[in-house]
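Now for the letters of each chain:
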Amino acid sequence: MGGFLSSNSFVIAQVGICVVIWVALQLSAAVMVYMERKVCAYLQQRVGPNRVGYAGLLQPIADVVKLLFKEELRPAAADPLLFALAPIIAATAAFAAFAVVPFGGSTTLLGLLDQPLQLGVADVNVGVLVVFAITSMGVYGIVLAGWSSNSKYSLLGGLRSSAQMISYELSYGTALAAVILLANSMSLRDIVNAQSGALFGFIPQFRWFLWFQPIGFLIFFTAGIAETNRAPFDFPEAEQELVAGYHTEYSSMSFGMFFLAEYINMVTVSAVATDLYLGGWWFPFVPESLGWLVFLAKISVLLFFYLWMRWSLPRYRYDQLMTFGWKFLLPAAVLNLIATAACVLYFGL
Amino acid sequence: MLFYFFGALAVIASLLVIAQRNPVYSVLLLITSFGALSGLYILLDAPFAAAIQIIVYAGAIMVLFLFVVMLLNAPHEDTDQDERTHPMLRPGPMRFGAALAVALIVELGWALSRSGISGRFPATPVTSVQAIGRSLYTDYAFQFEVTSVLILVAMVGAVLMARREEQPGGKH
Numbered sequence: 002m003g004g005f006l007s008s009n010s011f012v013i014a015q016v017g018i019c020v021v022i023w024v025a026l027q028l029s030a031a032v033m034v035y036m037e038r039k040v041c042a043y044l045q046q047r048v049g050p051n052r053v054g055y056a057g058l059l060q061p062i063a064d065v066v067k068l069l070f071k072e073e074l075r076p077a078a079a080d081p082l083l084f085a086l087a088p089i090i091a092a093t094a095a096f097a098a099f100a101v102v103p104f105g106g107s108t109t110l111l112g113l114l115d116q117p118l119q120l121g122v123a124d125v126n127v128g129v130l131v132v133f134a135i136t137s138m139g140v141y142g143i144v145l146a147g148w149s150s151n152s153k154y155s156l157l158g159g160l161r162s163s164a165q166m167i168s169y170e171l172s173y174g175t176a177l178a179a180v181i182l183l184a185n186s187m188s189l190r191d192i193v194n195a196q197s198g199a200l201f202g203f204i205p206q207f208r209w210f211l212w213f214q215p216i217g218f219l220i221f222f223t224a225g226i227a228e229t230n231r232a233p234f235d236f237p238e239a240e241q242e243l244v245a246g247y248h249t250e251y252s253s254m255s256f257g258m259f260f261l262a263e264y265i266n267m268v269t270v271s272a273v274a275t276d277l278y279l280g281g282w283w284f285p286f287v288p289e290s291l292g293w294l295v296f297l298a299k300i301s302v303l304l305f306f307y308l309w310m311r312w313s314l315p316r317y318r319y320d321q322l323m324t325f326g327w328k329f330l331l332p333a334a335v336l337n338l339i340a341t342a343a344c345v346l347y348f349g350l
Numbered sequence: 793m794l795f796y797f798f799g800a801l802a803v804i805a806s807l808l809v810i811a812q813r814n815p816v817y818s819v820l821l822l823i824t825s826f827g828a829l830s831g832l833y834i835l836l837d838a839p840f841a842a843a844i845q846i847i848v849y850a851g852a853i854m855v856l857f858l859f860v861v862m863l864l865n866a867p868h869e870d871t872d873q874d875e876r877t878h879p880m881l882r883p884g885p886m887r888f889g890a891a892l893a894v895a896l897i898v899e900l901g902w903a904l905s906r907s908g909i910s911g912r913f914p915a916t917p918v919t920s921v922q923a924i925g926r927s928l929y930t931d932y933a934f935q936f937e938v939t940s941v942l943i944l945v946a947m948v949g950a951v952l953m954a955r956r957e958e959q960p961g962g963k964h
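Listed in order, the protein sequences are those of chains A and B.
Under the numbering used here, think of the first position of the first sequence as 2, with each following residue one higher.
Under the numbering used here, think of the first position of the second sequence as 793, with each following residue one higher.
These are calculated hints, taken from the structure and not from any lab test.
Source: prediction; values computed, not measured.
Where a beta carbon is used, it is the ideal one built from N, C-alpha and C, also for glycine.
It cannot be assumed that every hint is accurate.
[What the hints assert, rightly or not] Simulated restraints, written as ranges between beta carbons of each label pair:
no.: 1; chain 1: A; residue 1: 329; chain 2: B; residue 2: 836; range: 39 to 45 angstroms
no.: 2; chain 1: A; residue 1: 289; chain 2: B; residue 2: 900; range: 40 to 46 angstroms
no.: 3; chain 1: A; residue 1: 58; chain 2: B; residue 2: 929; range: 51 to 57 angstroms
no.: 4; chain 1: A; residue 1: 185; chain 2: B; residue 2: 804; range: 38 to 44 angstroms
no.: 5; chain 1: B; residue 1: 923; chain 2: A; residue 2: 76; range: 32 to 38 angstroms
no.: 6; chain 1: B; residue 1: 923; chain 2: A; residue 2: 305; range: 53 to 59 angstroms
no.: 7; chain 1: A; residue 1: 47; chain 2: B; residue 2: 929; range: 56 to 62 angstroms
no.: 8; chain 1: B; residue 1: 835; chain 2: A; residue 2: 343; range: 16 to 22 angstroms
no.: 9; chain 1: B; residue 1: 864; chain 2: A; residue 2: 321; range: 24 to 30 angstroms
no.: 10; chain 1: A; residue 1: 100; chain 2: B; residue 2: 942; range: 32 to 38 angstroms
no.: 11; chain 1: B; residue 1: 835; chain 2: A; residue 2: 293; range: 29 to 35 angstroms
no.: 12; chain 1: B; residue 1: 938; chain 2: A; residue 2: 289; range: 37 to 43 angstroms
no.: 13; chain 1: A; residue 1: 58; chain 2: B; residue 2: 837; range: 46 to 52 angstroms
no.: 14; chain 1: B; residue 1: 923; chain 2: A; residue 2: 327; range: 32 to 38 angstroms
[Stated by the list, open to error] Coverage of chain B stretches by chain A, computed from C-beta distances (three or more under 8 angstroms per stretch; other residues unrestricted):
no.: 15; segment: 841 to 847
no.: 16; segment: 850 to 862
Please take these sequences and the hints and turn them into a complete structure.
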C-alpha cells in the first residue's frame, strides 16, 4: 500500500490540483458576486448586503440557493437542444481556459512528493494560443443562447456579443504577440519565468513585461474587458436597450451558469494578464514557494479594477465601441507589435 | 484508439453537416468536425496547427458563418421551392455534379492506394513554432507573401462591395 501511494502520489497530487482549481474557480465566482455587491455599494455610499452571515458574507450562498429553487423555464418557441446546450458551452469554455494557466512555481508539498510538482494543470508549449482558442469558443455559448431563445432581445444581444468579440479578439491577440516576442516562447510558464530577472540590475524578480509593454498591457486589459462583456463594454446585456440581452429568457441554474461563466472569465483574463505582464508569481524578495499567494494578490487587484471600472464608468454607445475597437485599439496594437519587434531585433532583448 | 475516435467524429460530423435542414445545426456540426481535426493534429504532434485550427476556423470564421446565418434568419431550407427554382437543381447541372463526385472518388481512391509508398513525412518533422516561422519566412517566403497579397486583394474587394454609395448632397 505504501509503495502504491508513493509511486502514484505524483498523479494523485496532479488530480488534486485539478480539483483545487475547479473548486477555487467556483468559489472565486461566489467571492466576486459578494465583492461586486459590496464594492458597488461602497462606491454608491451604501452598505451593501449585511444580513446573511457576518457582514453579509453568506450572501452568495443565499443567492445560489434562490437560483436553484427557481423554476426552470423554456420559451415554447425556443430550440430545445441548443437552448439547453448554450449555458453548458459557456460554462465549460470558462472552466477549460484555466487548464493551461500556471499559478505558481514548483512545490513538493512540504516534502510529501519525491519530485517537484508544477502548480498548474497542464504546461502546453503553445499555452497562449490554447487560452486564446478556448476563449474564442466561449462566444458560441452566448451567440447560441441568443439565437435559440427565439426572442428579439436575446438575438440582438447574441449578435452584438459576437460582433464585439470578433472585433476585440484581434487587438487581444496582437497585444499577446508582442509579449511572445519578448519572452521568445508561447508557453505561459516560460513567459512568467522570463520575467523573473532583476529590473535595472538591482530589484530582483521585478523584470515584469509591464515595464516594457505598458501600452500592450492597456490594450490587452481593455480588450479583455470587452471579451468578458463587462462594463463599460457590456453591450450584450445592456439592460436599458435589451432587457438582459442573451440571457433574457433564461432562469434558474441555466441563468446561473452564464453568471458563473462571466465571473470565471474575468478571473481567467486577470490570471492571464498577471502571467503575461505582471510577472506571474514573482515579486521582489518573496520566495517562489509563496508565489501562489503573490499570484492571488495580483489577480485580486485586477479583479477589483474590473469592479471599480464597472461602477464608475458609463456604458459606451455601440457604434463608439466598434469605432474604438477597429480605428483606435487595433492600430495601436499593431504599432505596438511593430515597435516591439524592432526593439527586440535592435537591442536583442 | 484516440485516432479512430477523432477520425470517426470528424467524418460523422461532416456528413451530418450536409444532412441537416437547419443551417445553424450545420454550422455547429462543422465546428465539431474542426474540433475533431484539431484533435488529430495534436495526435500528430502538431499542437501549433491544432491551436490555429481552433482559433482561425472554429473561433473566427465559423462565428462569422453563424452571424450570417442568424442575420438571414433562415431556420429551414425551403426545399420544395428550391427544387423548382434553384438553377443548380436542374438535370444538366446535377449530371455535371455527379460526374465531378465520381471523379473525386476515383482520385481519392487512387491517392489512398498510393499513400503506402509516397505518404512519408520529411525526415525532420517541423512542429515547433520557431521552426514553422523560420521556414515560412525563408524557404517559403515567396508563397507566403503571395498568399498575403491575395487575401489583401480579397479584403479590398469586400470593402469595395460593402461600401455604401455616397448620395449626392448629403451623408448616408
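Going through the hints against the structure:
1. 329/A to 836/B: 39 to 45 angstroms: holds (40 angstroms)
2. 289/A to 900/B: 40 to 46 angstroms: violated (55 angstroms)
3. 58/A to 929/B: 51 to 57 angstroms: holds (56 angstroms)
4. 185/A to 804/B: 38 to 44 angstroms: Taking Cβ atoms as reference, residue 185/A and residue 804/B lie about 41 angstroms apart, which means the hint holds.
5. 923/B to 76/A: 32 to 38 angstroms: violated (52 angstroms)
6. 923/B to 305/A: 53 to 59 angstroms: violated (42 angstroms)
7. 47/A to 929/B: 56 to 62 angstroms: Since residue 47/A and residue 929/B have Cβ atoms about 58 angstroms apart, the given range 56 to 62 angstroms holds.
8. 835/B to 343/A: 16 to 22 angstroms: violated (39 angstroms)
9. 864/B to 321/A: 24 to 30 angstroms: holds (27 angstroms)
10. 100/A to 942/B: 32 to 38 angstroms: Given range 32 to 38 angstroms: holds, Cβ gap about 36 angstroms.
11. 835/B to 293/A: 29 to 35 angstroms: Roughly 33 angstroms apart at Cβ, these two residues keep to the hinted range, so it holds.
12. 938/B to 289/A: 37 to 43 angstroms: Cβ of residue 938/B to Cβ of residue 289/A: about 48 angstroms, so the range 37 to 43 angstroms is violated.
13. 58/A to 837/B: 46 to 52 angstroms: About 49 angstroms separates the Cβ atoms of residue 58/A and residue 837/B, which means 46 to 52 angstroms holds.
14. 923/B to 327/A: 32 to 38 angstroms: Given a distance of about 33 angstroms, which is inside 32 to 38 angstroms, the answer is holds.
15. 841 to 847: holds (count 4)
16. 850 to 862: holds (count 8)
Checked against the numbered hints given earlier, this structure breaks hints 2, 5, 6, 8 and 12; the rest are met.
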